[in-house]
Amino acid sequence: MTIMNISNYLACPECDLLLRQVIFQKGETAHCPRCQYLLRCPKNESILHTFVLSLTGLFLLVPANILPIMSIKVLGNTQAGTLWGGVITLFNEGMWGVAIVVFLASMLFPILSILLSLIISAHLYFNHYNPLLSLSLRVLNHIEEWAMLEVYLIGIIVASVKLSSMSELKFGLGLNAFVLLLIVSIMLSSHFDSALFWQKIDQLKSKKRPLTDHND
Amino acid sequence: MIKKTALSQGIIRCHDCGQLAPIYDEFIACSRCGKQLHARLPQSSQRTLALLLSSYALYIPANVFPIMTYTRFGVGEPHNIIGGIISLIHGDMLPIALLVLVASILVPLMKLLGLSLLLLCVHYRWQVKAQHWTKTYRIIAFVGRWSMLDIFMISILVSVVNLGGVAQVIAGTASTAFAAVVVLTMFAAKSFDPRLIWDVQA
Chain S
1 MTIMNISNYL ACPECDLLLR QVIFQKGETA HCPRCQYLLR CPKNESILHT FVLSLTGLFL
61 LVPANILPIM SIKVLGNTQA GTLWGGVITL FNEGMWGVAI VVFLASMLFP ILSILLSLII
121 SAHLYFNHYN PLLSLSLRVL NHIEEWAMLE VYLIGIIVAS VKLSSMSELK FGLGLNAFVL
181 LLIVSIMLSS HFDSALFWQK IDQLKSKKRP LTDHND
Chain C
1 MIKKTALSQG IIRCHDCGQL APIYDEFIAC SRCGKQLHAR LPQSSQRTLA LLLSSYALYI
61 PANVFPIMTY TRFGVGEPHN IIGGIISLIH GDMLPIALLV LVASILVPLM KLLGLSLLLL
121 CVHYRWQVKA QHWTKTYRII AFVGRWSMLD IFMISILVSV VNLGGVAQVI AGTASTAFAA
181 VVVLTMFAAK SFDPRLIWDV QA
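Protein chains in written order, with this note's numbering: chain S, 1 to 216; chain C, 1 to 202.
Bear in mind the hints are in silico, worked out from the structure with no lab data behind them. Treat the hints with care, as some may be off.
To be verified - Listing some non-contacts, in silico: residues in chain S with all C-beta distances to chain C over 10 Å: (1) Ile23; (2) Phe24; (3) Lys26; (4) Glu28; (5) Phe126; (6) Tyr129; (7) Asn130; (8) Met148; (9) Leu182; (10) Ile186.
What the hints assert, rightly or not - Mimicking DSS-like on lysine-lysine, the simulated pairs with C-alpha atoms at most 30 Å apart in a straight line are: (11) S:Lys207 <-> C:Lys35; (12) S:Lys205 <-> C:Lys3; (13) C:Lys3 <-> C:Lys35; (14) S:Lys43 <-> C:Lys190; (15) C:Lys190 <-> C:Lys135; (16) S:Lys26 <-> C:Lys4.
Because the structure is a prediction, the values reported are computed rather than measured. Each residue gets a CB set at the ideal place from its N, CA and C atoms; glycine is no exception.
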């Protein structure tokens with residue numbers, strides 16, 4: 001095998017086809033020629049947009065999780081339901097397994113992914129290197145799949161359809177915050193360009209190196 | 001154009017950050033992100049099979065046992081998943097009934113069967129159109145999370161309908177089993193390495 005510079009190549013993660021690395025223009029997308037996997041999809045100002053969107057999401061986190069999503073009225077009794085309330089009630093009913101899954105998928109992972117996006121994009125935007133950046137980005141890539149706000153919204157819709165036939169139903173302020181948070185996190189994932197983030201971390205790392213060990 | 005895989009050229013790809021490395025770096029940490037490098041996901045078939053078998057086992061209680069009970073003035077009977085769908089149909093809410101049917105019965109079943117086929121394909125080295133099978137894998141990995149719909153619906157229902165003796169929704173045994181099926185099949189899909197489909201093609 002001839003010695004080649006592997007930084008000029010990339011491999012498809014789903015079929016392992018070896019491809020020549022090319023410079024992508026914004027707005028272009030690259031699909032694997034063999035399995036059609038979406039290899040790269042560079043975004044405009046990905047780092048800045050991620051920073052701004054995750055900052056927006058940060059303000060929506062608390063209202064979405066604490067304020068009532070909806071409330072019912074049965075014989076003069078009203079009862080409001082929140083994301084957190086569902087977790088607590090499930091836990092108190094002895095369904096701790098379900099409670100943990102719901103807590104992770106609808107609260108902890110969405111919160112963590114917004115916080116991590118904010119921290120990483122802030123570092124990259126202001127050109128600050130931190131040795132924990134690559135670990136944070138790895139964690140972010142892994143938990144993204146487990147944050148399921150959009151599925152929760154469909155769950156809310158099905159629940160409200162079921163309830164509407166049984167009692168008087170009112171939607172609360174929490175639902176607005178929740179839908180906004182969902183929109184922000186969908187925009188966040190569509191503006192997030194993980195390949196660019198890795199490149200930027202690499203750049204910051206190599207800039208940092210001459211400062212730390214200048215004996216080389 | 002001869003299409004070569006990275007592995008055949010002695011190159012492996014980091015699972016987490018995508019950086020390429022020479023094959024002799026296998027099992028050491030990726031120079032960019034620190035993740036241990038592997039040519040393919042380690043023990044991919046074995047892990048997927050183990051998770052898949054557990055999901056099959058849990059799929060039965062998830063569908064047989066009651067998933068929730070709605071009581072009004074202390075009266076009410078438990079529903080299993082199918083019972084919930086039937087009551088939606090009786091309530092003239094066919095679209096929602098279809099949605100629940102797809103998300104909580106068809107999707108988990110298709111996932112289980114699809115992943116089993118993928119495993120069989122890799123194990124018996126079936127010569128197939130790998131593009132189609134990769135696409136199947138992609139669909140399985142994508143739709144998995146939508147089965148959580150039923151669990152989230154129960155979570156919001158128990159929180160709203162919590163008026164003691166007047167009206168109450170109580171989650172049933174099947175909800176734990178069902179949540180476990182969804183989580184385990186998601187892990188199974190994640191631990192399956194689609195590159196294996198391409199590796200076994202002649």
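So, going through the hints one by one against the coordinates:
| no. | hint | result |
| --- | --- | --- |
| 1 | Ile23 | 16 Å, holds |
| 2 | Phe24 | 14 Å, holds |
| 3 | Lys26 | 20 Å, holds |
| 4 | Glu28 | 18 Å, holds |
| 5 | Phe126 | 21 Å, holds |
| 6 | Tyr129 | 13 Å, holds |
| 7 | Asn130 | 14 Å, holds |
| 8 | Met148 | 5 Å, violated |
| 9 | Leu182 | 13 Å, holds |
| 10 | Ile186 | 14 Å, holds |
| 11 | S:Lys207 <-> C:Lys35 | 22 Å, holds |
| 12 | S:Lys205 <-> C:Lys3 | 34 Å, violated |
| 13 | C:Lys3 <-> C:Lys35 | 28 Å, holds |
| 14 | S:Lys43 <-> C:Lys190 | 26 Å, holds |
| 15 | C:Lys190 <-> C:Lys135 | 15 Å, holds |
| 16 | S:Lys26 <-> C:Lys4 | 28 Å, holds |
Hint compliance for this structure: hints 8, 12 are not met, and every other hint is.
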